[in-house]
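> Next come the chains, spelled out residue by residue.
There are 2 protein chains.
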Amino acid sequence: MKKLINKPDDVVTEALHGIAAAHPHLVDVHFNPNFIVRADAPVQGKVGLVSGGGSGHEPMHGGFVGMGMLDAACPGEVFTSPTPDQMLDATKAVDGGAGVLHIVKNYTGDVMNFEMAADLGKGEGIEVEAVVIDDDVAVQDSLYTAGRRGVGATVLAEKICGAAAEEKQSLSQVAELCRKVNANGRSMGMALTSCIVPAAGTPTFDLPDDEIEIGIGIHGEPGRERLKLAPAAEIVERLTRPILEDLPFEEGDNVLAFVNSMGGTPLIELYVVYNDLNRLLGERGITITRNLIGPYITSLEMAGCSITLLKLDDELTRLWDAPVKTTGLRWGA
Amino acid sequence: MKKLINKPDDVVTEALHGIAAAHPHLVDVHFNPNFIVRADAPVQGKVGLVSGGGSGHEPMHGGFVGMGMLDAACPGEVFTSPTPDQMLDATKAVDGGAGVLHIVKNYTGDVMNFEMAADLGKGEGIEVEAVVIDDDVAVQDSLYTAGRRGVGATVLAEKICGAAAEEKQSLSQVAELCRKVNANGRSMGMALTSCIVPAAGTPTFDLPDDEIEIGIGIHGEPGRERLKLAPAAEIVERLTRPILEDLPFEEGDNVLAFVNSMGGTPLIELYVVYNDLNRLLGERGITITRNLIGPYITSLEMAGCSITLLKLDDELTRLWDAPVKTTGLRWGA
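The listed protein sequences correspond, in order, to chains P and D. Numbering (this note's numbering) for the first sequence: 1 to 333. Numbering (this note's numbering) for the second sequence: 1 to 333.
Hints listed in this document are in silico derivations from the structure and should not be mistaken for laboratory results. Since this is a predicted model, take the numbers as computed values, not measurements. It cannot be assumed that every hint is accurate.
A pair holds if it fits inside one copy or across any two, identical chains being indistinguishable in the list.
[What the hints assert, rightly or not] With a straight-line Cα cutoff of 30 Å, these simulated DSSO-like cross-link-like pairs (lysine-lysine) come out: (1) Lys2 x Lys325; (2) Lys228 x Lys7; (3) Lys2 x Lys122; (4) Lys325 x Lys92; (5) Lys325 x Lys7; (6) Lys180 x Lys122; (7) Lys122 x Lys168; (8) Lys168 x Lys92.
All chains should be built: construct the whole structure from the sequences, respecting the hints.
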């Protein structure tokens with residue numbers, strides 16, 4: 001294992017200290033329990049948005065804390081769910097009197113711990129709702145998940161719901177919007193290489209030098225199939241066809257296309273993938289009206305990519321375009 | 001070689017088509033010869049900023065084209081200098097009557113071809129100046145370079161000069177500013193792994209599983225020394241000490257600290273590095289007042305990082321903070 005770290009057990013804590021030192025105008029970092037919170041939290045009268053999950057997916061979620069997106073993020077150890085006390089403290093820190101929404105990726109530990117934190121928060125008089133994101137069409141059940149896994153649509157939900165919360169929409173409205181993003185978003189990912197969890201020190205799975213895995217999870221959970229390495233255009237088709245069929249996306253639809261690096265895949269390859277995706281959708285009469293291209297929900301240094309499509313309407317487009325100011329996404333403000 | 005590409009020879013062209021499809025409101029992409037130009041170029045009365053170099057370093061330079069940064073970027077094939085005709089056409093496309101500045105990384109092919117393009121541009125009546133960036137303290141001469149290589153300070157020069165050009169500073173003022181950034185910026189990089197050039201198909205160099213290379217170039221040029229894998233804190237010290245001694249940076253200095261991923265190193269490790277760097281500089285009485293952390297000048301999928309320090313004064317800080325709107329850097333607008 002070659003990584004730029006000191007001790008494997010200290011990676012998350014040291015990275016949080018780095019974030020605290022680098023971005024004091026945007027976020028505060030709390031330790032024991034760990035969470036990252038907007039520097040101006042709580043914003044009075046605004047729904048507070050909290051997400052979280054295992055570390056190793058940066059910039060998600062800590063890089064999405066700030067104006068127009070999350071109010072707080074709870075980082076667990078690498079690929080390990082955060083604990084209810086992190087989520088409870090984050091919930092209390094962002095409660096501005098309008099309630100708190102938990103945006104939860106569908107992994108058993110995350111769901112269970114966020115449920116416990118929500119109960120504890122309610123016990124302290126905070127109105128809490130939770131929405132579970134399960135946009136990955138690759139497999140029905142998985143290593144850490146009953147039902148579908150939550151992946152790329154999480155980033156889009158955090159941005160869009162963050163904009164709605166900034167407009168002072170109510171908790172039930174923001175939660176409904178989050179369910180709408182989840183209902184209209186679908187994803188699938190693939191890996192060229194495994195990642196290495198620092199505490200394990202060895203690759204999470206073995207993938208021969210001439211093979212790829214389609215439908216991989218963001219923690220290296222098994223996908224749909226292993227194939228011999230194929231051209232990007234063929235890989236894009238294998239990722240996109242199940243996404244299109246599942247919703248379904250249809251001729252005339254406008255979509256946000258999110259082409260994501262799993263970490264180790266460089267930007268030049270993502271644009272090759274985007275070019276193939278744009279052509280494939282164009283042939284089916286589907287128009288990409290918004291896009292996001294880069295490493296936003298990663299799996300440490302895994303090489304590979306994921307594609308997320310979100311069916312857009314005027315409301316989702318307007319909220320996507322609204323100002324956002326985080327370390328991971330920033331525009332218009 | 002496992003990459004998300006179709007044919008190795010088509011990577012750059014297909015990625016440019018992807019960029020053209022993804023960002024039509026920001027940039028236009030010209031083919032044969034290839035260059036990326038601001039959608040609103042030429043801006044009348046503004047100095048035009050042109051940079052370029054081999055592809056494989058994305059988002060540099062194409063991702064830095066837009067308001068407040070570059071007017072055009074000329075991408076060569078992967079790790080291959082662009083040609084004078086690309087540079088000449090880009091120069092003509094961005095000439096708004098106030099002259100054009102070429103920002104050139106110090107690699108022999110880049111320098112020679114930009115000189116030729118400048119001569120051709122002058123022959124067509126365009127005022128052209130060029131500044132060569134040579135901020136890498138690792139080695140004196142290198143595989144493709146007489147003198148020091150140009151690396152991370154290029155990103156900072158493009159941002160700062162872009163802001164000055166946006167203020168309608170004159171060509172001589174913007175060129176002088178570019179020389180000032182270069183004079184006050186120093187960098188060094190390191191690699192954990194090699195990268196693989198698509199057309200070659202095999203690693204550019206061999207690095208054993210337990211070794212790292214300090215002082216590596218962005219095309220895999222040899223560095224200063226090979227070491228056994230070491231903790232991040234020790235690597236940060238080996239990169240930073242030569243940087244500090246060279247300028248020198250001294251107690252009381254304010255600096256911009258740029259912690260860059262070579263491509264394959266994930267963000268969580270960059271924050272571990274930033275944390276160590278922040279502590280090291282603090283111990284020496286040097287204050288980080290601005291920072292940039294992420295993959296900005298990469299070497300395909302190479303794992304590793306580089307550190308760039310830029311000594312700041314009020315002028316450089318103000319121009320760094322000015323609005324910028326590109327796909328790679330964006331704030332305040």
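> Indicate, hint by hint, whether the structure satisfies it.
Results for each hint:
1. Lys2 x Lys325: neither (33 Å within a copy, 35 Å between copies)
2. Lys228 x Lys7: Close across copies (16 Å), not inside one copy (36 Å); limit 30 Å.
3. Lys2 x Lys122: Result: close neither inside a copy nor across copies, 44 Å intra and 50 Å inter.
4. Lys325 x Lys92: Classified as within; 22 Å inside a copy, 36 Å across copies.
5. Lys325 x Lys7: The answer is neither: 32 Å in one copy and 38 Å across copies each exceed 30 Å.
6. Lys180 x Lys122: For lysine 180 and lysine 122, only the intra-copy Cα distance (24 Å) is at most 30 Å; the inter-copy one is 57 Å.
7. Lys122 x Lys168: within (21 Å within a copy, 57 Å between copies)
8. Lys168 x Lys92: Cα proximity of lysine 168 and lysine 92: one copy only (18 Å, versus 49 Å across).
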